[in-house]
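**Student:** One-letter residues, chain by chain:
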Amino acid sequence: MAATPPHMDATLPRVETTPVGLPGWLGTVIWFARKKPLGTAGALVVVVMVVGAVFSNVLAPYNPLDTNYAAMLQAPSASHWLGTDTFGRDILSRIIYGSRTALFVGLGASILGSTIGAVIGVASAYFGGWVDLMVQRLIDIVMSFPIIVLALAVVSILGSGITNLILAIAIPFMPRIARVVRASALAIRETPYVDAARAMGFSHARIIVRHMLPNVVAPYLIMLTAFLGQAILLEASLSFLGLGVTEPTPAWGLMLRGAAVEFAERAPWMGIFPGLAISAAVFGFNLFGDSLRDVLDPKLRTS
Amino acid sequence: MQRYIIKRFLLMIPTLLGVAVLVFVLMRVVPGDIVELRYTLEGTAVSDELLAQERARLGLDKPVVEQFATWMWGIVRFDFGKSMWTDNPVKDEIALRLQLSLQVAIMATIFATLLSIPLGILAALKQDTWVDYAIRVFSIAGLAMPSFWLGILIILGLLIFFRWLPPMFYTPFWVNPWENMSQLIWPALAVGYRYSAVATRMTRSSMLEVLREDYVRTARAKGLWENMVIVRHAMKNAILPVITVLGLEFAFLVGGLVVTEQVFNLNGLGMLFVESVARRDYTMTQALVVLVGFTFILVNFAIDIMYAWFDPRIRYG
Chain A
1 MAATPPHMDA TLPRVETTPV GLPGWLGTVI WFARKKPLGT AGALVVVVMV VGAVFSNVLA
61 PYNPLDTNYA AMLQAPSASH WLGTDTFGRD ILSRIIYGSR TALFVGLGAS ILGSTIGAVI
121 GVASAYFGGW VDLMVQRLID IVMSFPIIVL ALAVVSILGS GITNLILAIA IPFMPRIARV
181 VRASALAIRE TPYVDAARAM GFSHARIIVR HMLPNVVAPY LIMLTAFLGQ AILLEASLSF
241 LGLGVTEPTP AWGLMLRGAA VEFAERAPWM GIFPGLAISA AVFGFNLFGD SLRDVLDPKL
301 RTS
Chain B
1 MQRYIIKRFL LMIPTLLGVA VLVFVLMRVV PGDIVELRYT LEGTAVSDEL LAQERARLGL
61 DKPVVEQFAT WMWGIVRFDF GKSMWTDNPV KDEIALRLQL SLQVAIMATI FATLLSIPLG
121 ILAALKQDTW VDYAIRVFSI AGLAMPSFWL GILIILGLLI FFRWLPPMFY TPFWVNPWEN
181 MSQLIWPALA VGYRYSAVAT RMTRSSMLEV LREDYVRTAR AKGLWENMVI VRHAMKNAIL
241 PVITVLGLEF AFLVGGLVVT EQVFNLNGLG MLFVESVARR DYTMTQALVV LVGFTFILVN
301 FAIDIMYAWF DPRIRYG
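Protein chains in written order, with the working numbering: chain A, 1 to 303; chain B, 1 to 317.
One should not assume that every hint holds.
What the hints assert, rightly or not - Cβ pair distances, simulated, as ranges: (1) B:Arg57 / A:Val217: 54 to 60 Å; (2) B:Ser182 / A:Val47: 42 to 48 Å; (3) B:Pro89 / A:Ala218: 48 to 54 Å; (4) B:Phe138 / A:Val131: 52 to 58 Å; (5) A:Phe104 / B:Asp79: 44 to 50 Å; (6) A:Arg137 / B:Arg212: 44 to 50 Å; (7) B:Glu179 / A:Ala218: 50 to 56 Å; (8) A:Val131 / B:Ala134: 35 to 41 Å; (9) A:Glu247 / B:Gln127: 22 to 28 Å; (10) B:Val29 / A:Glu247: 24 to 30 Å; (11) B:Pro167 / A:Gly128: 35 to 41 Å; (12) A:Lys35 / B:Phe78: 34 to 40 Å; (13) A:Leu73 / B:Val64: 41 to 47 Å.
Keep in mind the hints are simulated off the structure, nothing from the lab. Beta carbons: idealized from backbone N, C-alpha and C, even for Gly.
Whenever a hint applies, use it, and build me the whole structure from the sequences.
**Tutor:** Below you can see the structure in the form of structure tokens.
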């Protein structure tokens with residue numbers, strides 16, 4: 001089984017594996033699609049979501065904030081494909097705009113959490129000894145909170161709003177990635193080029209950021225993609241509790257709050273479609289992340 | 001083994017202490033304290049004198065270090081103080097909810113175990129067939145579906161197909177088992193699905209790893225009955241990581257049911273936690289966080305001991 005993309009594998013001449021006339025990246029895409037059909041399905045969902053988020057204003061048939069009391073709780077129809085909510089707002093439009101919120105918070109929280117966590121992990125491994133011991137104990141402590149409990153505590157402390165939400169979701173991710181990255185960084189610390197960098201008298205910060213961080217990119221990316229789905233799920237959960245995004249911003253979790261349960265019988269579409277959107281998005285990100293992990297991490301490739 | 005248990009047990013103390021310090025500091029860093037919150041809620045102007053008086057009553061006027069010492073001394077004597085909001089003993093308030101949360105967590109664990117272990121083994125044995133794919137898609141879907149949405153769907157389904165809703169109020173199991181189950185089985189199913197998804201994936205991958213081991217090949221080569229090979233040789237070794245995942249998820253459920261409780265309108269620990277943080281009820285929040293942290297640390301401890309029990313290399317390492 002050839003599990004390295006052709007253009008990355010130096011032992012294979014590129015012409016042999018890439019279809020003639022195609023640029024290298026497209027060859028990689030085709031290779032990935034053949035090798036990982038489930039991952040490709042996941043990637044497609046991700047692409048659909050990104051397109052939906054970027055072109056919300058073109059794709060959405062209505063303004064997601066426009067209330068229309070003449071069209072409250074309407075069942076799915078030709079004019080409102082997924083029906084309307086208690087304020088007569090178009091559910092399809094709110095779902096399309098909601099992908100912006102989900103993607104923004106999901107990406108923001110995962111990137112922020114993974115990056116800070118990775119720096120902590122590498123620094124902990126680099127300094128070793130006393131610093132490492134303290135950082136690891138601190139990680140133990142933070143990790144003894146369930147992710148949702150910690151995120152909830154942070155968001156109740158900071159107050160709702162998108163920036164606070166991103167921070168609240170990012171914080172529980174940090175110790176988790178720090179631990180994984182530290183394990184990889186421990187091996188890197190012993191390599192000659194880090195010794196060399198130290199001998200040249202570079203600052204700690206420079207060695208950590210310029211010399212060690214680039215070498216933990218694989219675990220970093222694996223954790224980052226694994227966090228994406230979780231972050232979207234957490235955003236939905238917190239918004240559902242009324243602690244995340246606030247009305248009238250369209251957000252999937254928020255759409256399931258309150259009226260969706262109260263009017264479950266009269267207007268089930270209010271409770272069904274936003275949940276489908278969350279599940280599809282998380283499903284896509286998880287599938288894509290799994291396959292990416294298989295490709296990036298040879299040690300985990302067995303299953 | 002004894003020495004290992006004692007060493008590992010003593011290691012729990014600094015972590016737990018750390019959790020206590022962290023929550024104590026965090027609560028006090030938060031803007032707005034309970035006194036301010038309660039009186040500004042009523043909207044009328046309150047004299048600073050009254051606020052100070054109220055703070056003194058709750059012991060909030062003392063130096064922070066002294067407050068911490070008092071709290072710690074209480075914990076040592078298993079006394080968590082009174083809730084600052086309701087004035088009831090924290091222990092009673094928690095006991096009331098713990099019953100409910102613990103029952104849901106236990107039922108979800110049973111459901112998840114019964115579902116995930118057979119499915120995971122089946123998927124591993126039929127690797128890369130349609131059975132495997134179906135089980136994998138089922139479990140990935142479980143990870144993707146928010147359990148609160150599954151809860152909404154369950155309620156929706158009960159309403160539409162049976163024109164029936166679960167009871168609104170909690171009845172303890174020994175008072176009326178039927179009433180109790182008909183309320184709590186649904187949230188247990190909703191969180192149990194997600195839970196089983198995690199465990200199924202773990203069972204599958206750990207089973208696949210073990211099935212490739214030499215001793216499994218040896219067992220097969222000497223002509224052992226296939227079921228015997230799987231149960232006695234493979235499963236015995238594959239089960240540890242699965243128990244780990246089950247244990248950790250259980251610890252998570254005790255405090256992490258927050259969102260599902262909201263859907264089913266259950267008055268459990270999660271709900272209490274959200275309320276306490278919002279009210280800046282220091283004593284209650286601190287006790288809850290220490291309880292959740294303690295559960296998690298205890299489960300981790302149990303898992304480590306189990307590993308050492310099954311694998312002598314850890315004990316003597």
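**Student:** Each hint needs a verdict: does it hold in this structure or not?
**Tutor:** Do the hints match the structure? See the list:
no. : hint                            : result
1   : B:Arg57 / A:Val217: 54 to 60 Å  : 56 Å, holds
2   : B:Ser182 / A:Val47: 42 to 48 Å  : 44 Å, holds
3   : B:Pro89 / A:Ala218: 48 to 54 Å  : 52 Å, holds
4   : B:Phe138 / A:Val131: 52 to 58 Å : 45 Å, violated
5   : A:Phe104 / B:Asp79: 44 to 50 Å  : 46 Å, holds
6   : A:Arg137 / B:Arg212: 44 to 50 Å : 36 Å, violated
7   : B:Glu179 / A:Ala218: 50 to 56 Å : 53 Å, holds
8   : A:Val131 / B:Ala134: 35 to 41 Å : 49 Å, violated
9   : A:Glu247 / B:Gln127: 22 to 28 Å : 48 Å, violated
10  : B:Val29 / A:Glu247: 24 to 30 Å  : 29 Å, holds
11  : B:Pro167 / A:Gly128: 35 to 41 Å : 57 Å, violated
12  : A:Lys35 / B:Phe78: 34 to 40 Å   : 58 Å, violated
13  : A:Leu73 / B:Val64: 41 to 47 Å   : 52 Å, violated
Of the numbered hints stated above, those contradicted by the structure are hints 4, 6, 8, 9, 11, 12 and 13, listed in ascending order.
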